[in-house]
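Assemble chain B onto chain A, guided by the hints.
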Amino acid sequence: NAGVTQTPKFRVLKTGQSMTLLCAQDMNHEYMYWYRQDPGMGLRLIHYSVGEGTTAKGEVPDGYNVSRLKKQNFLLGLESAAPSQTSVYFCASRGSGANVLTFGAGSRLTVL
Amino acid sequence: AQSVTQLDSHVSVSEGTPVLLRCNYSSSYSPSLFWYVQHPNKGLQLLLKYTSAATLVKGINGFEAEFKKSETSFHLTKPSAHMSDAAEYFCVVTVKAAGNKLTFGGGTRVLVKP
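Quick mapping for you: the protein sequence lines, in order, are chains A and B. Going by the working numbering, the first sequence opens with residue 75, and the numbers climb by one from there. Going by the working numbering, the second sequence opens with residue 109, and the numbers climb by one from there.
Everything labelled a hint here was simulated from the structure, so no lab data went into it. Cβ coordinates follow ideal geometry from the N, Cα and C atoms, glycine included. Among these hints, one or two may not hold up.
As the list claims (entries may be wrong) - Which stretches of chain B does chain A cover? Using the computed rule of at least three CB atoms under 8 angstroms from a CB of chain A, they are:
# : region
1 : 152-160
2 : 169-175
3 : 208-218
Bound-form chain A, shown alone (with noise of 0.2 angstroms):
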C-alpha cells in the first residue's frame, strides 16, 4: 500500500516553462489536495479536488492549474513558471468521512 505518491522528486525549471506535478494515491479517498510550503509560512492550499472531475480554488491558485480527470491521480500544472514558484510542493487526500490528511513525500521545484 504506497499511499500517496508524487512525481518528479525534484525538478529544475527555467522561468517561462511549463510543467506538471503528478499525484496518485490508491486509498480511494475522495479529496485531494495540492499544498505549497515556503519557509516560515506553513503550508498554503492551491488547489483541491471533493471528488473525480471536480476542482476548487484555495488561497493561492494564481499561477497553477489542476485536472482530475482520474479518482486516483490529480496533477498539478504550471504553465509558465515564475520564480516566486520555487517551493516544495505537498499532495494530501482524506477520505470523505475523515478530516486526517495522508501526505505525499513532497515535490521539490526550483525555478531559475
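This is chain B only, laid out in the frame that chain A set:
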C-alpha cells in the same frame, strides 16, 4: 474565519529534557486540532488530533497535547526529548462548519542537542 499561530519558529532542547511547542488558535466554531510532524525531506505525518472528546490527547512517540478552550491553546509536549524528535512540527485547525478547510500554522523547527 479560523487561524492558528505557532508562537515559536525554532525550539532548541537537550536530549532527555522536556519539549514544549506552543500553538494558539482562533475559530468561530468548535474546532478540530491536529499536530503534524515533518522529518527532513519527508511528507507530513499525523502526531495526534483533538476532535471534541478528551481534552488531553496522546499521540505517537510519547507526545501529547492539551486542548484549553479558555486559552484557545493546543500546546504539544513531550517529557523527554530524543534525537529522533528533531523535525518541524505544524499545528493545524479545521472546522466542520467551514467545510473542513485546514489552516496550518507557520511551523516550529525543533533542534535536539546531545
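Now the hints, each set against the structure:
{"no.": "1", "hint": "152-160", "in the structure": "holds (count 5)"}
{"no.": "2", "hint": "169-175", "in the structure": "violated (count 0)"}
{"no.": "3", "hint": "208-218", "in the structure": "holds (count 7)"}
This entry does not satisfy hint 2, going by the numbered hints stated previously; all others are met.
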